[in-house]
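**Student:** Each chain is listed here by its residues.
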Amino acid sequence: MTLLEVRNLEVTYAGGAAAVRGVDLSLDAGQKLGVAGESGCGKSTLALALLRLLPAGTRTSGEILLDGEDVLKMKWGQVRAVRWAGASIVFQGAMHSLNAVHRIGDQIAEPILLHKKATPAGARKKTGELLEHVGLPAARASAYPHELSGGQRQRVMIAMALACDPRLVIADEPTTALDVMIQAQILRLIEQLVSEQDLGLVMISHDLAVLADTCDRLAVMYAGRVVEEGPARQVYEDARHPYGKALSAAFPRIGDTASRFAPRGLPGDPPDPSALPSGCTFHPRCPVALDSCITEDQELRDAGTARWAACVHAGASVPQPGSPAEEARSSTP
Amino acid sequence: MTTTESDGPMTTESTAASKGGPATARSPRALAWQRRRHSAARFWKQYRTHHAGVFGLAALGLCALIALTAPLTVGSDVQSVTDAPGDPMESPSTEFPLGTDQFGRNLLGLVVWGARVSLLVGLLAAVLSVAIGALIGITAGHFKGWYATVMMRITDWFLVMPTLVLAIALATVMSRSLGTIILAIGVTTWPTTARLVRAQTLAVESRPYIERAKALGGGHWHIMTRHVLPNVMPLVLAQTTLIISSAILAEATLAFLGLGDPTVVSWGGLLQDAREAGAVSAGKWWYLVPPGVAIAVVALAFTLCGRAVESVLNPKLGVAR
Amino acid sequence: MTAEATPSLVEATDGPAQAGPSVRGPRARTRTAYLRYVAGKLGGAAVSLLAVLVTSFFLFRLIPGDPVKYMTGGRQVSAEQLANYRKEFGLDLPMWEQFTDYCGKALTGDLGTSYQFRAPVIDKITEALPNTLLLTGTAFVLYTALGIFIGTRSAWRNGGLSDRVNTGLALTLYSIPSFWLGLLLIIVFSVGMGPIPGLFPTGGMESGGNEGFAYVMDVAHHLILPVVTLVAVEYGQTLLVTRSALLDEMGSDYLTTARAKGLRDDLVRRRHAVPNALLPTVTLIFINLGRTVAGVILVETVFSWPGLGGLFYQALSVPDLPLVQGLFFVFAAAVIVMNTLADLIYPLLDPRVGR
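Residue numbers (the working numbering), protein chains in the order written: chain A, 419 to 751; chain B, 510 to 830; chain C, 42 to 396.
Because the hints were derived from the structure by calculation, they are not lab data.
Treat the hints with care, as some may be off.
With the C-beta cut set under 8 Å, the calculated list includes, among others, these residues of chain C facing chain B [what the hints assert, rightly or not]:
(1) G84
(2) A87
(3) S89
(4) T213
(5) L226
(6) F230
(7) Y354
(8) P360
Result set (EDC-like, lysine to aspartate or glutamate): computed pairs, CA atoms no more than 20 Å apart in a straight line [stated by the list, open to error]:
(9) K493(A) x D307(C)
(10) K491(A) x E423(A)
(11) K146(C) x E129(C)
(12) K491(A) x E428(A)
(13) K793(B) x E604(B)
(14) K82(C) x E604(B)
(15) K653(B) x E720(B)
(16) K535(A) x D524(A)
(17) K535(A) x E481(A)
(18) K493(A) x E129(C)
(19) K535(A) x D306(C)
(20) K493(A) x E481(A)
Quick caveat, the model's predicted, so the values are computed rather than measured.
Even glycine gets a Cβ: it sits at the ideal position worked out from N, Cα and C.
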């Protein structure tokens, strides 16, 4: 059954910046979906929008079906009930996402007391179990966040996210601030917990390699849209959208000598969400853009089995600069 | 709150320097002036968005106009006790819109005339206070070592003194005059400015171009006046505006306690007269209201201006517009 | 928190500074470190108190003229009597001897003898101190509660109508001279104005002749107007400090976490935002209390409240040097003591600072 279904989600901030512009995603229980993109592409906005955590004055439209119920149509009381109990978030930067003046045990117990109507003793017991589950001694419950290391804090965030046994966990850059060894540990921990408890996981990161490693499917976002989606390995190793290619080339692959000499990264900056380029928003930075890309918006189209990409060249595995792509365009729904 | 010490947009002198297109052939001095004009214009543009600040500025302009034109509108005769035009403590009437004081003088005229003393004392005391603060702040920030240590110890010590009590004490031990009041206020209110300016000086001096100026042979005087001073000026301006407001209140307080100059009319002095003449127990509220309102309006106007300046310099403060 | 602020541009432009909140304030992780910190603070306070003692001696010797003349109040007195007065108050000794004498006595709690009351200064002070503490204590509790209450709501609805009205009102009241507000309140509520009868006494602390519960009620009745005056002029500062502290805190990530947990808005504010924002302002609140004790001079004068402030005003009008001197010391000491208390208590309250 579909756990999370996002349909045509659009988010516009009070200042007029269109951060998310028509995103469709779906996720089954037990599945892991990666969302990749540069900073400012709308991926964190997407995460906050799923639980309606965006600041007042933000306009959100579309549908966010969580277990079949539209979060955007719920009353605030229902939204609060869904938060953490239905879906929880592992935020980036646990130092700032944890409250510095509360003990971590109290912070983990807080949603348990709120949603599960547990007794304080019961909540304390559950907190201890959760901490041991993520590999921390239960006695650390009395510590303050600044007394823990970065990796430990991230473990606390994960324990906290699992406190109410949610069906969906959204991990927003869960490993960004950590060093590589800790990063790997945390990723294994998340993988293990997700498979044990049959949760749905949406993992957001700028690091395509990390996502390819952890997730089943991968969606690449650019300027508030999904520009490529498909099985994680395939998207990482053989992206169909030039942006996806650039993103996967941005991280060197160990053992692949060719990637060491290939030009890495992209010229230019991601577009300003309040002043997006015309046509395909990627065209100013695209190495294979056609004249038509300047004026025509590119929709997602089939790019292989269970794969989609929003590019005129999608379908051909290696787009040739300047090659005619009429057939590809005519196949658009 | 010591929030102003972080770096505001106005204090980054070197940023806008290269803007302005065909300025390549001009002298450095002209360039510097152009840069200053630019940042002043930018400052004003941002200041205008703070409605309360604009309101405060307008109120101040009006008060300044009233004070400056007082010799023409009411004349210095209004102070004279001997040939007062009315009876003592008359209620407001068409002849005396605010009534008369205990000597039968026109209260409206006195309040207008009092604006001169109150504004003058407030202004001079604040300038004195900020000048001391800036001097100590810049030198303590520039010269490190024992001088800075001693200066900051003194500053800290003044900081814990209850300002008003110290000012009262000073005003008590010196002769009754406007100079005494100005001195008493100025000498007791400078420490916050000194701390802010010192922090700003340290920030400025850690920038690379100061290093360059030193390498090029710039002496202490050159660095302090040419590089540090222009950068702390905006902060000093904001401080001055805020301190004027408390200086005006302090002046009124000292005058009310009978420590002011008995020969001149000031708002605080008028309130003291009213109290001593028994206006309170007689319920003659109209005698008390005008000087107090005048003090509050001017103090509020300066506070609003100061807050607006502060929030332009440091937008993080979140001052309501 | 008087922690040295040394912003450096080089640091600031280097990207996201990874300095957590733990850099705030003194870092004293262990108990012994805290004790060392306490010792340091107490030592600093002792030095400050000594400095105040010395200042209060020399400051008031600057008064031109012969202090003995003030004692006689302009009456004709013989040279012999003047000499007696001098001897009585130790004014015949050389300055440095007066000074050592003064310091030695001050350390044993003897602050000299009042010229006008012919009583030990310390007695006059201990007599008036409870009255001042009653007034300032009551006002302090009220204006701190009011300032924090309105300040947090104001910040939470930043820019809204109630925020602008409240900030404007606070700024206005903050700009009003306290003595003027006091006088107006007396006219309106004590003397009575128009339809309003005189509801409150015009001054003093009690009407006399009451005992037990009636006495308490009588004092409370006298207390209302002075307290209202003090609260009105003082709450604005607390409000503004609270408001800006909370505004600084509002965009913080942990508040998003709290919301994501499903907490109601007011719980997010009460349980998470307010404690985080206000802990560092505890220091300021304490310092405010110290300043209020000194700022009470005018309110006590206007309402003839028999406290330290009223005493200071009486002493000034003579001027009664030993009394002025002693009161000056008490007012400055109040600020220093409160400052030190705040420094000592803060690390115990805020876990970010550590113990």
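**Student:** Please go over all the hints and tell whether each is borne out by the structure.
**Tutor:** Here is how each hint holds up against the structure:
{"no.": "1", "hint": "G84", "in the structure": "14 Å, violated"}
{"no.": "2", "hint": "A87", "in the structure": "13 Å, violated"}
{"no.": "3", "hint": "S89", "in the structure": "6 Å, holds"}
{"no.": "4", "hint": "T213", "in the structure": "6 Å, holds"}
{"no.": "5", "hint": "L226", "in the structure": "10 Å, violated"}
{"no.": "6", "hint": "F230", "in the structure": "11 Å, violated"}
{"no.": "7", "hint": "Y354", "in the structure": "7 Å, holds"}
{"no.": "8", "hint": "P360", "in the structure": "6 Å, holds"}
{"no.": "9", "hint": "K493(A) x D307(C)", "in the structure": "17 Å, holds"}
{"no.": "10", "hint": "K491(A) x E423(A)", "in the structure": "14 Å, holds"}
{"no.": "11", "hint": "K146(C) x E129(C)", "in the structure": "15 Å, holds"}
{"no.": "12", "hint": "K491(A) x E428(A)", "in the structure": "14 Å, holds"}
{"no.": "13", "hint": "K793(B) x E604(B)", "in the structure": "18 Å, holds"}
{"no.": "14", "hint": "K82(C) x E604(B)", "in the structure": "63 Å, violated"}
{"no.": "15", "hint": "K653(B) x E720(B)", "in the structure": "15 Å, holds"}
{"no.": "16", "hint": "K535(A) x D524(A)", "in the structure": "15 Å, holds"}
{"no.": "17", "hint": "K535(A) x E481(A)", "in the structure": "30 Å, violated"}
{"no.": "18", "hint": "K493(A) x E129(C)", "in the structure": "83 Å, violated"}
{"no.": "19", "hint": "K535(A) x D306(C)", "in the structure": "19 Å, holds"}
{"no.": "20", "hint": "K493(A) x E481(A)", "in the structure": "14 Å, holds"}
In the structure shown, a violation is registered for the earlier hints numbered 1, 2, 5, 6, 14, 17, 18, in ascending order.
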